[in-house]
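Undergrad: When you get a sec, could you build the whole thing from the sequences and use the hints?
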Amino acid sequence: MLMISPRMASGMQEKQYTPSLLSFFIYNPKFGPREGEEEKKILFYHPIEIEKNEKIRNVGLCEAIVQFTRTFSPTNPAKSLHTQKNRQFFHEAEENYWMVMVVRNPMVEKPNKDGKPPTVEYQEEEIIVSNLFNGTFSRAFEAGGVELLTQKLEKFFYRYLQTLHLQSCDLLDVFGGISFFPLDKMTYLKIQSFVNRVEESLSLVKYTAFLYNDQLIWSGLEQDDMRILYKYLTTSLFPRHSEPELAGRDSPLRPEVAGNLLHYGRFLTGPANLKDPDAKFRFPRIFVNTEDSYEELHLIVYKAMTAAVCFMVNAAVDLNREFCEQLDSLVGPQLTLLASDICEQFNINRRISGPEKEPQFKFIYFNHMNLAEKSTIHMRKTASVSLTSVHPDLMKILGDINCDFARVNEDEEIIVKAMTDYWVVGKKSDQRELYVILNQKNANLIEVNEEVKRLCATQFNNIFFLD
Amino acid sequence: MSDEFYLELSENPVQFENASSVNNVFFDEANKQVFAVRSGGATGVVVKGPDDKSSVAFRMDDKGEVKCIKFSLGNKILAVQRTTKSVDFINFIPDYPHLEFSHECKTKNASILGFCWTSWNEVVFVTDQGIEFYQVLPDKRTLKLLKSQSINVNWYMYCPETAVLLLSTTVQGNVLQPFAFKSATMSKMSKFEIELPAVPKPAKLSLSERDIAVATIYDQLYVMYLKHHSRATNSPGAEVVLYHLPREGTCRKTHVLKLNTTGKFALNVVDNLVVVHHQSSQSSLIYDIKLRELDGALNVHQPVLPAQSINPYKIHLTGPAAAPSQAPVPCELYSSSWSVFQPDIIISASEGYLWYLQVKLQPTLKLLRDKGKLMDFLLRRRDCKMVILSVCSQMLTEGDKGNLSVVATVFDKLNQVYKEYLDAEQAYTAAMESGPSRSSTSYKRPVRTQAVIDQSDMYTHVLSDFTEKKGVKHKFIIAVLMEYIRSLNQFQIPVQHYLYELVIKTLVQHNLFYMLHQFLQYHVLSDSKPLACLLLSLESTYPPAHQLSLDMLKRLSTANDEIVEVLLSKQQVLGALRFIRSVGAHDNISARKFLDAARQTNDTMLFYTIFRFFEQRNMRLRGNPGFNQGEHCEEHVAYFKQVFGENALMKLATA
Numbered sequence: 001m002l003m004i005s006p007r008m009a010s011g012m013q014e015k016q017y018t019p020s021l022l023s024f025f026i027y028n029p030k031f032g033p034r035e036g037e038e039e040k041k042i043l044f045y046h047p048i049e050i051e052k053n054e055k056i057r058n059v060g061l062c063e064a065i066v067q068f069t070r071t072f073s074p075t076n077p078a079k080s081l082h083t084q085k086n087r088q089f090f091h092e093a094e095e096n097y098w099m100v101m102v103v104r105n106p107m108v109e110k111p112n113k114d115g116k117p118p119t120v121e122y123q124e125e126e127i128i129v130s131n132l133f134n135g136t137f138s139r140a141f142e143a144g145g146v147e148l149l150t151q152k153l154e155k156f157f158y159r160y161l162q163t164l165h166l167q168s169c170d171l172l173d174v175f176g177g178i179s180f181f182p183l184d185k186m187t188y189l190k191i192q193s194f195v196n197r198v199e200e201s202l203s204l205v206k207y208t209a210f211l212y213n214d215q216l217i218w219s220g221l222e223q224d225d226m227r228i229l230y231k232y233l234t235t236s237l238f239p240r241h242s243e244p245e246l247a248g249r250d251s252p253l254r255p256e257v258a259g260n261l262l263h264y265g266r267f268l269t270g271p272a273n274l275k276d277p278d279a280k281f282r283f284p285r286i287f288v289n290t291e292d293s294y295e296e297l298h299l300i301v302y303k304a305m306t307a308a309v310c311f312m313v314n315a316a317v318d319l320n321r322e323f324c325e326q327l328d329s330l331v332g333p334q335l336t337l338l339a340s341d342i343c344e345q346f347n348i349n350r351r352i353s354g355p356e357k358e359p360q361f362k363f364i365y366f367n368h369m370n371l372a373e374k375s376t377i378h379m380r381k382t383a384s385v386s387l388t389s390v391h392p393d394l395m396k397i398l399g400d401i402n403c404d405f406a407r408v409n410e411d412e413e414i415i416v417k418a419m420t421d422y423w424v425v426g427k428k429s430d431q432r433e434l435y436v437i438l439n440q441k442n443a444n445l446i447e448v449n450e451e452v453k454r455l456c457a458t459q460f461n462n463i464f465f466l467d
Numbered sequence: 001m002s003d004e005f006y007l008e009l010s011e012n013p014v015q016f017e018n019a020s021s022v023n024n025v026f027f028d029e030a031n032k033q034v035f036a037v038r039s040g041g042a043t044g045v046v047v048k049g050p051d052d053k054s055s056v057a058f059r060m061d062d063k064g065e066v067k068c069i070k071f072s073l074g075n076k077i078l079a080v081q082r083t084t085k086s087v088d089f090i091n092f093i094p095d096y097p098h099l100e101f102s103h104e105c106k107t108k109n110a111s112i113l114g115f116c117w118t119s120w121n122e123v124v125f126v127t128d129q130g131i132e133f134y135q136v137l138p139d140k141r142t143l144k145l146l147k148s149q150s151i152n153v154n155w156y157m158y159c160p161e162t163a164v165l166l167l168s169t170t171v172q173g174n175v176l177q178p179f180a181f182k183s184a185t186m187s188k189m190s191k192f193e194i195e196l197p198a199v200p201k202p203a204k205l206s207l208s209e210r211d212i213a214v215a216t217i218y219d220q221l222y223v224m225y226l227k228h229h230s231r232a233t234n235s236p237g238a239e240v241v242l243y244h245l246p247r248e249g250t251c252r253k254t255h256v257l258k259l260n261t262t263g264k265f266a267l268n269v270v271d272n273l274v275v276v277h278h279q280s281s282q283s284s285l286i287y288d289i290k291l292r293e294l295d296g297a298l299n300v301h302q303p304v305l306p307a308q309s310i311n312p313y314k315i316h317l318t319g320p321a322a323a324p325s326q327a328p329v330p331c332e333l334y335s336s337s338w339s340v341f342q343p344d345i346i347i348s349a350s351e352g353y354l355w356y357l358q359v360k361l362q363p364t365l366k367l368l369r370d371k372g373k374l375m376d377f378l379l380r381r382r383d384c385k386m387v388i389l390s391v392c393s394q395m396l397t398e399g400d401k402g403n404l405s406v407v408a409t410v411f412d413k414l415n416q417v418y419k420e421y422l423d424a425e426q427a428y429t430a431a432m433e434s435g436p437s438r439s440s441t442s443y444k445r446p447v448r449t450q451a452v453i454d455q456s457d458m459y460t461h462v463l464s465d466f467t468e469k470k471g472v473k474h475k476f477i478i479a480v481l482m483e484y485i486r487s488l489n490q491f492q493i494p495v496q497h498y499l500y501e502l503v504i505k506t507l508v509q510h511n512l513f514y515m516l517h518q519f520l521q522y523h524v525l526s527d528s529k530p531l532a533c534l535l536l537s538l539e540s541t542y543p544p545a546h547q548l549s550l551d552m553l554k555r556l557s558t559a560n561d562e563i564v565e566v567l568l569s570k571q572q573v574l575g576a577l578r579f580i581r582s583v584g585a586h587d588n589i590s591a592r593k594f595l596d597a598a599r600q601t602n603d604t605m606l607f608y609t610i611f612r613f614f615e616q617r618n619m620r621l622r623g624n625p626g627f628n629q630g631e632h633c634e635e636h637v638a639y640f641k642q643v644f645g646e647n648a649l650m651k652l653a654t655a
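Chains Y and A supply the protein sequences, listed in that same order. Counting in the UniProt record's numbering, the first sequence runs from 1 upward without gaps. Counting in the UniProt record's numbering, the second sequence runs from 1 upward without gaps.
Careful: at least some of the hints might be erroneous.
[Said to hold, decoys possible] For lysine-lysine, the following PhoX-like pairs were computed, each having C-alpha atoms within a straight-line distance of at most 25 Å:
#, chain 1, residue 1, chain 2, residue 2
1, Y, 85, Y, 52
2, Y, 190, A, 475
3, A, 469, Y, 206
4, A, 85, A, 140
5, Y, 206, A, 473
[As the list claims (entries may be wrong)] A partial selection of chain A residues facing chain Y, derived with a Cβ cut-off under 8 Å:
#, residue
6, 104
7, 108
8, 197
9, 252
10, 485
11, 489
12, 490
13, 514
14, 547
15, 555
16, 558
17, 629
The hints are simulated quantities; they were obtained by calculation from the structure and are not laboratory data. We put the CB at the ideal spot given by N, CA and C, even for glycine.
TA: Here it is, written out as structure tokens:
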């Protein structure tokens, strides 16, 4: 079951063009079927400065391509078009709502170089994120016609596209996974208990999610909704708030130290300071369960030290100062305590498992079943750049292996010898994928295979991983 | 209404002939016997004990007025005091002469206040000048002095349970000197002083025996002092002060029970609760000295429950005077003719009844709103199990706000007791295993009291009904189950499988698969084969359950056969084979099972691979690629030949 495919991975320093977003637009052909009304089809176009006729031309071209390919495959029209300079992706988000993304291919001043596959997946996620904040397109259309829809789209995508950093996308972005915080059973049960009690005393709260150190511990939301919310929290909301937090650590604490109610709780969404008489009690709204029940919720994110809790409240309810104060006084002290408990427990566990062993292996793990991801390649994921400890070329190989895996349903294993003495191993077992990068000069295939077996035995001995 | 009375008189009282001018009634606390002496014994003595065995009737000569009459333990010897100088004895041992003999106290000019039996043949005379400890020799009809002690005595009190005699000494009578008796030995314990509310001048006897009671509470001996309200100290009411009397060491004042009223009181101890009867208000108060109050270093206690009368009691008139159809008449409670004895006896001499006082637990549920305090209270009672379980059921259906933290508190309290029992049991087992020769102290098997509420009790009586209940939000059900599991974990008690099953059932019922998935991910539901099988059965509704189940089987490391079965059932024949090889068990597996599975896939290449693998195994194990008779693979060999031809079969290597 071994496949070896030596691939070129050039380490040469040459002039490169990184992939970048050229344009992005959304249209609905039903909105302007007649000639001369083509502009009405366009719901959103980025960049906005482009001349109107060119917009219409590009939309028309896409429509034509989709229509044309439909004749060959009525249910499955073209998804992407690859040209010498760029690549276009077509995605029908909802019936008749098309999203198109044009990405410039990465180029090295040398022919025979491939594009980057991960971007394909990227698109789907966007739609879902937009669903999270906007609800579905047709809902908005029903509610306020085209104008409302275009307004909403502009508002969202203008901001969203800024957070998109195509040049630093890699395998983790393809997975769109969730990083879970490792925790012992007892502390986990304490968190359960905390969540249950808060939900009982604040009956408005419908769902709760608990994160620590930007990693998920508990989600009351369904998996798909949590995936998007997690993406939003870790790539957008948390990074925006991390700066003031770091600064605030040395400065004296919030004024409400008095009364022995010392706690570090604060709102990340909604009121920045409860004491402020002009504080606004507006929270972002999100849409969950769009498949069936379609719920609109307020998203309250509350944080104490490195523990963050998301409380979701039915959007029909008006949240006021009283509620926020109640939440603050109830959750603040408990969460502060819990956060230090978790930290303590985590340190104990780490001490038991021995001093941080030098991670000999660089790997990425992903489980499609629970979306759990784990990476020793990424130092730290920030909003703008993901710092990886390996060369981008190796990351590209990972992307390629992933593409290969996606094509077949069976378990398989791919071992690649890169040009720079690196071995890259991809393993797929049931719903799990593991990618390992080994730097062993002169190692042969058998040794690499043994090495990976060892890694599986030490790092993944508690799961069923076929080898 | 009747469910508010938390105290009641026993259903079956001991009945005796009521006291009258011709019938004197005596009560012996040691044997709990009532003596009805008619005309000095000449017309009969009827002894009624708590059971028929201890009831006796006999006749004795009238030699003057009887002051005190008591059997030794086991009704062996009867002692009768008629004068202040001597005590008379009669043998009741079979085959011994049934003759009286008399013994005078040895101290001259002393008058006998009374006597107490400390065993079947040992007796203590208490005189105003000291005590004399004798052994009775029934065959010789004499007494042998074991020990004596001279001391001025105002009055005495004897606690039969602990064989401790308390003497009131000094002019004011408030210095108490205890003595302990044990098989022919008498030991003096350290004396102590009862603090009087006011010191009279000139000094006179100020501590009456009426205000002192001795009883064991929570296996400790206490002297209870009823401290009356005094105008001088400006205290709001009377108090009961408890002095702890340890076997060794000094006696200390440890607890104060606030009565918050004044008047005439009487004390009982029932089920380790101190009961204070108040005559003028016709009500009683109960105190639990282990229930901690928030204030102060010295334990000051308020009544656990509001004052309440003893449950009204009706007397069925019997005897020739009563017509059979006559309705029972209410009994006068808190009557002035009542006498109260320790620990739990109330006697009405004028009506001829002896009752045991009892505590009913059910009414406390309504009276004690604080569930945590209620649990503390109930866990220390004797017959508490069903009541505790009903409290649990009740609190889960009440649906008060903030209920969950109450539920958590209650679970923690239950599991604390449960854990203590498990630990004791484990220590006992360990001690037994290490061999009786080694252990110098003899271990006693820990007693499982009713307060030990284990998981099966909770499951059967509380949780399984609760999860089935209509109209309870599933969120709350899950929260409660998780809270119970949390509490068990906190006390490091292994959780039983049926609780996990209950959690899973509830989650599945409400389609909360993702929640289940997360619980399993954090190992909240501990691994076990039954749990893994349960997960497998969920696969059709929730596909990820398959992965979860396999992971669990893998972690168990004793379930390799199950893993193979699961993989084969998924037609992952190669996967199964590789797995079994990775754990090194591939020499023992059934070739037929794998070949069967490979055939079913209709994948001839797969069949070839599997077949070849077993040929190689045969070669390695037996030096011959062929299958044995017992392996029943003939059918597969035939199929192999048919598909790939005879030549494809592995040949024996010819040297």
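Undergrad: Give a verdict on every hint.
TA: Hints, one by one, checked against the model:
1. Restraint check for residue 85/Y and residue 52/Y: satisfied, since their Cα atoms lie roughly 23 Å apart, inside the 25 Å limit.
2. Only pairs whose Cα atoms come within 25 Å are accepted, and residue 190/Y paired with residue 475/A is accepted, the gap being roughly 17 Å.
3. With a CA separation close to 22 Å, the supplied pair residue 469/A and residue 206/Y stays within the 25 Å bound.
4. About 21 Å separates the Cα atoms of residue 85/A and residue 140/A, which keeps this hinted pair within 25 Å; it holds.
5. Under the criterion of a C-alpha separation no larger than 25 Å, the hint pairing residue 206/Y with residue 473/A is consistent with the structure, at around 13 Å.
6. The interface hint given for residue 104/A is violated, since its Cβ lies 73 Å from the closest Cβ of chain Y, which is over the 8 Å cut-off.
7. With a least beta-carbon distance of about 73 Å to chain Y, the hint placing residue 108/A at the interface is violated under the 8 Å criterion.
8. Taking 8 Å as the C-beta cut-off, the interface hint given for residue 197/A is violated, the closest approach to chain Y being about 41 Å.
9. A hinted interface residue such as residue 252/A counts as satisfied when its beta carbon comes closer than 8 Å to some beta carbon of chain Y; here the least separation is about 36 Å, so the hint is violated.
10. Annotation: residue 485/A was flagged as interfacial toward chain Y, and the flag holds, the nearest CB pair being 7 Å apart, inside 8 Å.
11. Taken as an interface hint, residue 489/A checks out: its beta carbon lies about 5 Å from the nearest beta carbon of chain Y, inside 8 Å.
12. Checking residue 490/A against chain Y: minimum C-beta separation of about 7 Å stays under 8 Å; hint holds.
13. Interface restraint check: residue 514/A against chain Y, minimum CB-CB distance 5 Å, threshold 8 Å, status holds.
14. Using the Cβ-Cβ criterion of 8 Å, the hint placing residue 547/A at the interface with chain Y is satisfied: the shortest such distance is roughly 5 Å.
15. At a threshold of 8 Å, the smallest CB-CB gap from residue 555/A to chain Y is about 5 Å, leaving the interface hint in force.
16. At a threshold of 8 Å, the smallest CB-CB gap from residue 558/A to chain Y is about 14 Å, leaving the interface hint violated.
17. Among the interface hints, the one on residue 629/A is violated; its C-beta lies about 33 Å from the nearest C-beta in chain Y, farther than the 8 Å criterion.
The structure shown violates the earlier hints numbered 6, 7, 8, 9, 16, 17.
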